[in-house]
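Protein chains in written order, with our numbering: chain A, 1 to 300; chain B, 1 to 331; chain C, 1 to 279.
If you are wondering where the hints come from, they were derived from the structure by calculation, not from laboratory data. Accuracy of the hints is not assured; some may be wrong.
Claimed, not checked - Heads up, simulated BS3-like pairs for lysine-lysine below, C-alpha to C-alpha not over 25 Å straight-line:
| # | chain 1 | residue 1 | chain 2 | residue 2 |
| --- | --- | --- | --- | --- |
| 1 | A | LYS143 | A | LYS187 |
| 2 | A | LYS66 | C | LYS98 |
| 3 | A | LYS149 | A | LYS234 |
| 4 | A | LYS67 | C | LYS98 |
To be verified - What follows is a list of derived Cβ distance ranges for each label pair:
| # | chain 1 | residue 1 | chain 2 | residue 2 | range |
| --- | --- | --- | --- | --- | --- |
| 5 | C | PHE220 | B | VAL167 | 52 to 58 Å |
| 6 | C | PRO243 | B | ALA137 | 29 to 35 Å |
| 7 | C | LEU79 | B | PRO108 | 41 to 47 Å |
| 8 | C | VAL13 | B | HIS67 | 56 to 62 Å |
| 9 | C | PHE100 | B | ASN80 | 43 to 49 Å |
| 10 | A | ASP72 | C | PHE100 | 44 to 50 Å |
| 11 | B | PRO81 | C | ARG132 | 53 to 59 Å |
| 12 | A | PRO229 | B | ASN127 | 47 to 53 Å |
| 13 | A | GLN256 | C | THR164 | 25 to 31 Å |
| 14 | C | ILE68 | B | THR265 | 53 to 59 Å |
| 15 | C | SER59 | B | LEU132 | 55 to 61 Å |
Stated by the list, open to error - Covered stretches of chain A, going by a simulated chain C footprint (3 or more residues, C-beta under 8 Å):
| # | segment |
| --- | --- |
| 16 | 100–109 |
| 17 | 137–150 |
| 18 | 156–165 |
C-beta atoms are modelled at their ideal positions from N, C-alpha and C, and glycine is treated no differently.
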Amino acid sequence: MATMATDLTQETSVLPEQDEKRDTRPEVIALADNIRIQDDVPRFDIRSQCLPTIIRAEKFSVYYGKKVGVKDITMDICSRSVTAIIGPSGCGKSTFLRSINRMNDLIPIARAEGALYVNGVNAYDRRVDLVNLRQRVGMVFQKANPFPKSIYDNVAYGPRLQGVRGRALDDLVESCLRDAALWDEVKYSLGKSALALSGGQQQRLCIARALATKPQVLLMDEPCSALDPIATAKIEELIAGLKHAYTIVIVTHNMQQAARVSDRTAFFCLGELIEYGDTRAIFTKPSRKQTEDYVTGRFG
Amino acid sequence: MTTGMLLSESDKTPDPGAPLRTRLSGFLARLGDPLFYGLTLCCAASIIVITGCLVYQLYAHSAEARHTLGWGFLTSQEWNPVSGEFGALPFVFGTVVTSILAILIATPLGVGTAIFLAEMAPRRLSNIMAFLVDLLAAVPSVIYGLLGIFLLVPLLNSTVVPPMQRVLGFLPIFSGSFYGVSLFSASLVLVIMVVPFIVSISREVLLAVPVEQREASYALGSTHWETVWKVVLPHARRGIYASVFLGLARALGETMAVTMVIGNTPQIAKSLFAPGYTIAAVIANEFTEATGSLYLSALIELGLVLFGITIVINGLARLLILATTRGLQHG
Amino acid sequence: MGNLLWRRMTNAVMFSMTLMCALGVVGVLFFIFGYLFWNGGRYVNWDFFTRLPAPVGESGGGMANAIIGSAKLLLLATLVGAPIGFLGGIYLAEFGGKTFPFFVRYVTDLLNGVPSIVIGIFAYAVVVLRVRHFSAWAGGFALGIMMIPIALRSTEEFLRQVPTSLREGALALGATRWQMILTVVVPAAMRGILSGMMLDIARVAGETAPLLFTSFGNRFWSEGFDKPTASLPVMIFTYAIGPYDDWHRQAWAAGFVLLAMVFMFNITSRLLISWRRTR
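Bound-form chain A, shown alone (with noise of 0.2 Å):
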């Protein structure tokens, strides 16, 4: 436990240790609660130790009404890297992943249980602030969903909440949108309408506009699933050049997509966490038969 929590606080450096000077800072002491619930639950086991990690599930759970969305999950997600997660579809990977930045909330009948750490807080906490933690967790959903507003308004849709105007403005919409590849194909129509844009730049204009609220992680739910396959590269591309900024996790029922592009994949089945690993050992020598059957393409 103790090294564990050492090895958290080299990025987050939000889980103080025991015997360092107590930080008197009230949220450090609301952070300091949560480790000591933690404490009390016997110890889990984190099928993948990874480092640095910056978002933990902890035997969390997700019921609509009385159905199981996810069971059980426990699990560590490293910062600045790719995690899939695949599995047969209503296996609750998307559930898991609309957790993360608490979409679930909008549907009245969900219910969480057990912890989810992001950053080291748990999200469900009743002090967490959701605007604040959606705007850390950005999420980019299945089919593209610009708002019917200008592209340049899309992207500054985020920061303009946040009171960002002017110049500043500007310069971030631009940097957005070449993250997102799209600049050198938009910059001269950026007051045209976003619904104007093909699939592929319009998934593009959804990364780049949740890139502009400056989140630490980024959520894609199939991001791909309705687009072509140059579409498609052009994601993959994108996925890959983003990792060294942000920490991505992506959900796919495409497992050669998943290959490609992620450094760990987690497996989901029936609502629970099957196998999570290294991509490369998921796809070559999965340690569970479910896994395996999976990736051969045997059932699902």
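Starting from the known structure of chain A, arrange chains B and C on it as the hints suggest.
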């Protein structure tokens, strides 16, 4: 307290985690949602408050008439404000007769038109005609009244009613001398006003019948009409009933057009060609002239009666609509 | 075989009958429009828009005061009805729970079905009886109440058509709920909402019954909002049932102007929606 401070350690990390400055920091951002929610909730709730107020006002201001006249108000036939006689029966009679007659004529006409628009007409033509029908519904009632006085009444007087009376005059309902203004004229004006409602709702309901239902019927060797009559109409029946009820409610509450052609005579006549009076018309005509608080109070009680009738009819119609669309509701 | 022939005949006969119904309805429609435009258009002249009504018994004059009066009443009505309907519609579409919104919807539909003359009595009891005289305030209040149900239901309907993905997109970018609604959902539904409001204004623009004993009428200019105020529909009514031929001609002219106004609102509203669809 936790906003902005949550994850604040990333302040030190460069780029992606760096915090953006927040103008809407803390207080306002936190309070915005409940404030906005409260504001919209108040507006939604105000509908209920207004409707409640409306009922209360009608009830309170008709107190004098209710106490003085009692239930006799609804059963007495005499309306003579000067001698202090207030009987509502002729108005209830006129209102009910004109509306029922109007609905009896308008329903086959409206549903027939809707069937044509939904089943036979090409979609483009159907859409254009539906738009025209909607325009017909948008014509203000005072304009229908205008047309009623200067167009319909002379027309009935000269060319329609005399031949009708020659053939059917032996029936009591078509007997008596005809002066143009009558229950019958009022009903005809109401027909024109109600048909657009029935057409426009019925057409929507008919178009919403699933294609599979029609295909199943055709596959069993039905003709087009048999498909419409035995499959499509039964499937859409609730919506059509609802459209008829809505039309009826509109006819019952219609004021101006009726006032202008009904003849404004408080009597219960056997003949449809005799003049009559409706609740809405008497309120419109006598409200500003009502001298004495009992008179005014009696008129307001008439308003309460009209309100009661239309609420019941409307309530039924809305329940029918809700029953048909319940499956589609979300959130 | 004979059976089949019979069935075919039924088919043909019944559909011919529906065709007749449709032709009848549309025929009446064109006849009415034609008659009104021909008859009303003839009597519209410059005086109609610029002059006050002539003294009783004299011919000539116009309805300038009624046109301005109608505009005033509609302005007041919109100020009462549109915001309440708009915000209430947001509540129903965005914060919907179960029982309460259902109740609100039901009551709204009932209020929509309340005869306009009854709304008039309500406005009379609430406003006129308080201040003891007829005024534009009272008329605007009555029309405003009439506007709320449609404003509310149409706002709700168009907000519901905004895809959930846009809402999720905004929330995922860290918008609060009210920011999401006002910066993404409402703009996306704006055309629809506006067109609903225009239809709503068109509907109350022709209302006569609730004005008879709220704003009453006036043969002269009425300053401000606290005086009895003339309006086109009430003028049409008064003139149509009046005894003078010149009044009847003016009633036709006023009917023409009122109808043209109502149609203009209706058609503009249609155009707004169709633009939205083709975009």
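Here is how each hint holds up against the structure:
Using a Cα cut-off of 25 Å, the hinted pair LYS143/A and LYS187/A holds, with the two alpha carbons roughly 24 Å apart. With a CA separation close to 20 Å, the supplied pair LYS66/A and LYS98/C stays within the 25 Å bound. Pair hint LYS149/A plus LYS234/A holds up; C-alpha atoms about 24 Å apart against a cutoff of 25 Å. A hinted pair counts as satisfied when its Cα atoms are at most 25 Å apart, and LYS67/A with LYS98/C qualifies at roughly 21 Å.
At about 53 Å, the beta-carbon gap between PHE220/C and VAL167/B stays in the expected band of 52 to 58 Å. For the hinted restraint 29 to 35 Å between PRO243/C and ALA137/B, the CB-CB distance of approximately 32 Å keeps it satisfied. The hinted range of 41 to 47 Å is satisfied by LEU79/C and PRO108/B, whose Cβ atoms lie roughly 43 Å apart. Judged by the Cβ atoms, the range 56 to 62 Å given for VAL13/C and HIS67/B holds: they are separated by roughly 59 Å.
Checked against the given bound of 43 to 49 Å, the beta carbons of PHE100/C and ASN80/B, roughly 48 Å apart, stay inside it. Look at ASP72/A against PHE100/C: about 37 Å separates their beta carbons, and that is not inside 44 to 50 Å. PRO81/B and ARG132/C have their C-beta atoms about 22 Å apart, which leaves the hinted 53 to 59 Å range violated. About 40 Å separates the C-beta atoms of PRO229/A and ASN127/B, a value inconsistent with the hinted range of 47 to 53 Å.
At roughly 30 Å, the beta-carbon separation of GLN256/A and THR164/C lies within the given 25 to 31 Å, and the hint holds. In this structure the hint that ILE68/C and THR265/B lie 53 to 59 Å apart at CB is violated, the actual value being about 37 Å. For SER59/C and LEU132/B, the Cβ-Cβ distance of about 36 Å falls outside the hinted range of 55 to 61 Å, so the restraint is violated. Coverage of the segment 100–109 of chain A by chain C holds. Counting CB-CB distances below 8 Å, 3 residues qualify, and the rule asks for three or more.
Chain C is given as covering the segment 137–150 of chain A, and this holds because 9 residues of the stretch bring a CB closer than 8 Å to a CB of that chain, at least three being needed. Check on the segment 156–165 of chain A: 4 of its residues sit with their Cβ under 8 Å from a Cβ of chain C, so the three-residue criterion for coverage holds.
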